[in-house]
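Undergrad: Top to bottom, those sequences are chains A and B. Position one of the first sequence corresponds to residue 1 (full-length UniProt numbering), numbered consecutively onward. Position one of the second sequence corresponds to residue 1 (full-length UniProt numbering), numbered consecutively onward.
Since the hints were derived computationally from the structure, they do not count as laboratory data.
With a straight-line Cα cutoff of 27 Å, these simulated DSSO-like cross-link-like pairs (lysine-lysine) come out:
1) B:Lys96 with A:Lys147
2) B:Lys96 with A:Lys145
3) B:Lys245 with B:Lys272
Partial list, derived from the structure: chain A residues whose beta carbon lies under 10 Å from chain B:
4) Asn114
5) Thr148
6) Glu151
Computed from a predicted model, the values in this text were never measured in an experiment. For glycine and all other residues, C-beta sits at the position ideal for the given N, C-alpha and C.
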Amino acid sequence: MSVEPEVPIVQVEEVRENPVLYKIISSDNHVFTISEHAVKLSKTLWDLITNLGLTAENALDNPIPVENVNGKNMETIVQFCERHKYDEEEPEYTNYIREFVLPEWDRQLLSIDNEELFQLILATNYLDIQKLMDYCCRVIGDMAKDKTPEELRIIYGIPTDAEDDALERSASDSPGPSG
Amino acid sequence: MAPLTTLDLMPEDVMRRVLMELDYRDIMTLRKTSHLLRNFIDNNRIRTHTTSTTIQLTFNRNSIQMMLRNGGNQKPVFITYSHHENGCELSYRNSKKILEMSDYLKVFETDFQLALSHLNHQNCKNSKLEFLVSQSIFSLNEKILEVLRRTVPIKVQDLTLQVLAEFQVSDFLNLIDPIYLTSLTVISSNCPKVSISNQIENLKSLRKLQIGNSITNIPLARLTHLEDVIIKYRLVTFADVLFLKETLTAPSSPCKRFILQFKYKERYLNKKLVERFGISEDSWIFKIQNSSMSLRMRVGLSFIEFNLIVDS
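Build the full structure now, drawing on both the sequences and the hints.
TA: Right, dumping it as structure tokens:
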């Protein structure tokens with residue numbers, strides 16, 4: 001009869017997993033937990049963590065409030081960062097264009113409506129996550145292929161110049177904060 | 001209700017990155033959606049296929065093809081603007097589109113001007129422009145010339161002209177800013193003679209001249225200040241060869257290569273060369289005084305080539 005070894009079986013993922021976790025609070029007070037490797041993908045968050053002097057011991061007791069990003073976008077961002085935390089470093093831009101293939105998993109993650117996608121881009125821009133920005137811009141760019149100007153206006157929600165002028169006029173006609 | 005988030009409300013950096021994902025035609029389409037985006041695209045000189053370093057225009061009967069390429073390695077983009085009974089037919093990649101009620105020359109003009117504005121960025125470094133007149137037409141339509149004249153002066157370093165008649169060389173050269181032009185190539189499909197002596201005088205920055213297919217009669221003395229010359233003469237004389245040898249072995253000569261092709265050579269030219277410079281199969285080496293360089297003269301069946309070489 002064979003005796004099971006008493007050494008616990010450790011999954012490869014767990015060996016690589018860094019036990020340090022951080023807490024993030026979105027603008028609408030949703031709380032997210034994110035691992036150290038994943039949070040490093042966001043330059044803004046990692047700078048903040050470093051500046052606040054958060055350590056493995058006090059990280060979970062000091063949630064980081066992110067007022068510019070709502071829970072919905074933060075959820076996507078955390079999913080993305082956890083998925084890509086062990087990716088190799090990004091290649092540098094060549095000729096101002098970064099060559100990459102958008103993985104299917106990420107295409108699925110970013111299959112959201114345009115308004116949400118633009119909101120996600122703003123959040124990504126604020127959190128400074130290079131790879132997610134590349135992927136979002138690819139998805140936005142792919143929508144423009146072989147379209148007419150009218151189709152692009154609808155896809156990207158670009159107002160015509162006449163609509164734009166009308167919007168500006170109504171904005172300038174409306175009373176200001178003191179009016 | 002908060003206003004909807006749209007592309008034109010994105011931060012500039014984000015807009016730039018989205019635009020970098022698009023290719024030339026899509027950017028041109030996006031440019032037509034609003035003034036705001038048009039200004040953004042034009043002012044930012046988005047660095048994608050639109051920032052081509054090479055523009056090639058092929059003029060056909062009732063159509064113009066524009067080829068754009070960025071550097072030597074990238075895949076070129078071809079766009080054809082054709083006259084269509086309902087307007088302008090635009091061919092791009094494998095798709096065709098009719099822009100109703102549009103004049104193909106007008107559509108071409110807008111695109112060409114934008115491509116040029118990108119070409120002129122960064123002091124025209126490595127910029128290349130090629131005008132090719134197709135064999136299917138005899139001469140350029142005056143309307144096309146008017147469109148091209150509205151783009152003057154075109155600032156480009158390297159110009160290639162493929163023409164059918166000699167006057168077309170002047171037509172195109174008149175569009176170019178001579179300050180920037182360092183290399184000129186003229187290829188003429190069926191005009192036997194290209195004599196551009198007067199224009200050469202005005203091209204003060206020119207360093208490289210190549211005239212293919214046609215015979216020229218530019219006096220050699222007007223060309224020896226250039227670094228690289230390839231031309232064709234009807235008849236090459238011993239005096240021509242002596243002149244080139246003497247001028248090019250002068251220590252201050254800027255010329256690094258001079259290839260003189262010919263239809264005929266003076267009788268006994270080879271014999272005279274042997275008498276003067278000694279026996280050799282086809283090439284002679286002349287040491288340039290006070291330098292580590294020599295001039296190699298090579299005589300072929302229909303050419304004489306002078307090359308500056310480093311002494312071994």
